[in-house]
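A.B. asks: Heads up: the sequence lines are chains A and B, in that order. Numbering (the working numbering) for the first sequence: 3 to 243. Numbering (the working numbering) for the second sequence: 3 to 243.
Hints should not be assumed to be uniformly reliable.
The list treats identical chains as interchangeable, and a pair is accepted whether it falls inside one copy or across any two copies.
Said to hold, decoys possible - With a straight-line Cα cutoff of 20 Å, these simulated SDA-like cross-link-like pairs (lysine to any residue) come out:
1) Lys62 - Ala133
2) Lys221 - Thr75
3) Lys52 - Gln14
4) Lys25 - Leu181
5) Lys62 - Gly136
6) Lys52 - Met163
7) Lys221 - Ala79
8) Lys221 - Thr58
9) Lys62 - Ser229
10) Lys52 - Arg123
11) Lys121 - Ala29
Rather than coming from a laboratory, the hints here were simulated on the basis of the structure.
Chain by chain, the residues run as shown.
Protein chains: 2
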Amino acid sequence: MDSDFFKQHISQQFNAELEGIIKRIMAMGGLVEQQTIDAVEAMVTGNVEKAETVITSDYKINAMEVALDETCTQILARRQPTASDLRLVMAVIKAIADLERMGDEAERIGRMALHVLEKDREVAPMEEFKAMGGHVQQMIHNALDSFVRMDADQAVRAVKMDIQIDSLYEEIIRQLMALMREDPDSIPRVMDLVWATRALERIGDRAGNICEYVIYFVKGKDVRHTSFEQMAIEATGDGRE
Amino acid sequence: MDSDFFKQHISQQFNAELEGIIKRIMAMGGLVEQQTIDAVEAMVTGNVEKAETVITSDYKINAMEVALDETCTQILARRQPTASDLRLVMAVIKAIADLERMGDEAERIGRMALHVLEKDREVAPMEEFKAMGGHVQQMIHNALDSFVRMDADQAVRAVKMDIQIDSLYEEIIRQLMALMREDPDSIPRVMDLVWATRALERIGDRAGNICEYVIYFVKGKDVRHTSFEQMAIEATGDGRE
Chain A
3 MDSDFFKQHI
13 SQQFNAELEG
23 IIKRIMAMGG
33 LVEQQTIDAV
43 EAMVTGNVEK
53 AETVITSDYK
63 INAMEVALDE
73 TCTQILARRQ
83 PTASDLRLVM
93 AVIKAIADLE
103 RMGDEAERIG
113 RMALHVLEKD
123 REVAPMEEFK
133 AMGGHVQQMI
143 HNALDSFVRM
153 DADQAVRAVK
163 MDIQIDSLYE
173 EIIRQLMALM
183 REDPDSIPRV
193 MDLVWATRAL
203 ERIGDRAGNI
213 CEYVIYFVKG
223 KDVRHTSFEQ
233 MAIEATGDGR
243 E
Chain B
3 MDSDFFKQHI
13 SQQFNAELEG
23 IIKRIMAMGG
33 LVEQQTIDAV
43 EAMVTGNVEK
53 AETVITSDYK
63 INAMEVALDE
73 TCTQILARRQ
83 PTASDLRLVM
93 AVIKAIADLE
103 RMGDEAERIG
113 RMALHVLEKD
123 REVAPMEEFK
133 AMGGHVQQMI
143 HNALDSFVRM
153 DADQAVRAVK
163 MDIQIDSLYE
173 EIIRQLMALM
183 REDPDSIPRV
193 MDLVWATRAL
203 ERIGDRAGNI
213 CEYVIYFVKG
223 KDVRHTSFEQ
233 MAIEATGDGR
243 E
């Protein structure tokens, strides 16, 4: 975040509090990103230990959410922020709710990884799943980066990654349905792959939500429920970037 | 909500603002409840007109969310509420985010209803889907009711409905997997039923989130990520109700 943003506050203590919540949301986001990487790896390679680590680590993300939400509410009560300070705290409150759910989805992928058998992995579109995971991880990374910099242009670019993710998602689901058709005995296990793919897609969706809060913070405009084109216009002022 | 809550404010205007956001979230919640009822009916009966109404009405819920979120942010900036007033505004901000997503899921069910064929309806567990829809609708209704009354006991009872909903969900998914196995040609259409069932289950989950905000408002305790048992203890003080 632009250091000028913090210089404007007369109270150094308030500055420190706002910087503190930004640092903590970045730590939380970093953990969610790592959980997503580990969950995808567990699914693709069948690494049971990694899957179990993902499952047993989710409580850390939950605890971070509850603590950070509490800190933000305290800041609202004690500092009574207005204008951009208020928008920042609101953006943090909303973003941590999304991050927490992203952690839940990563945990779900970890659980599903334990159900899939080696013979399923051999026929399932695991390369595509891995590629989708890579895009989702990059999208989380860029969303968090746009958040810490409060860079609306970067947020718009990050949101656009969702197009590739959705396209891979459709392709994987199509291939999984073909697998079920070829080998009906595999249906329950292939359904676990379907749920994992869905969970990965939803992590991307929620990374997109975080980008929308960045655009709202920077532009003071609510870009939820608008198209990519409209979002780009709001964020850049001319619709080109 | 207890009318004493509003009497405590010296400013009648502030009272009117808080009452206003409660009225508006109830209107928004009522629309979400109706969309859920209509989406389930469209799926069960194949009523195309109803499905299309659900799909074309979702924008209203989105617009309500954006407007209400803006009003809440303005109240935070101008009134700088503390204590229970602040907790109320925070509960509203979080609840409208869930309601908006519930509307999205209802729209998804409406879309899926258009894909399912009459011959699928004849073999699919539509009675169970209808029963699950009834429970979800009741849970939304009770969650909203607990919100307007800020009744933590009622909120706990509403959360517990999720157990029955999850049980029906598991049963429906099991039956749908059996259908796919019997008739592999039907897999793509049965998958649409799977997505609709999942969407309905998620509406219930989010109604549960709203109940948690009520408990937080009343008790000042964050009950996310806790068990039913723990939640009952936090809400009632003795764990029995």
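A.B. asks: Of the hints given before, which are not true for this structure?
C.D. replies: Violated: hints 1, 3, 4, 5, 6, 8, 11.
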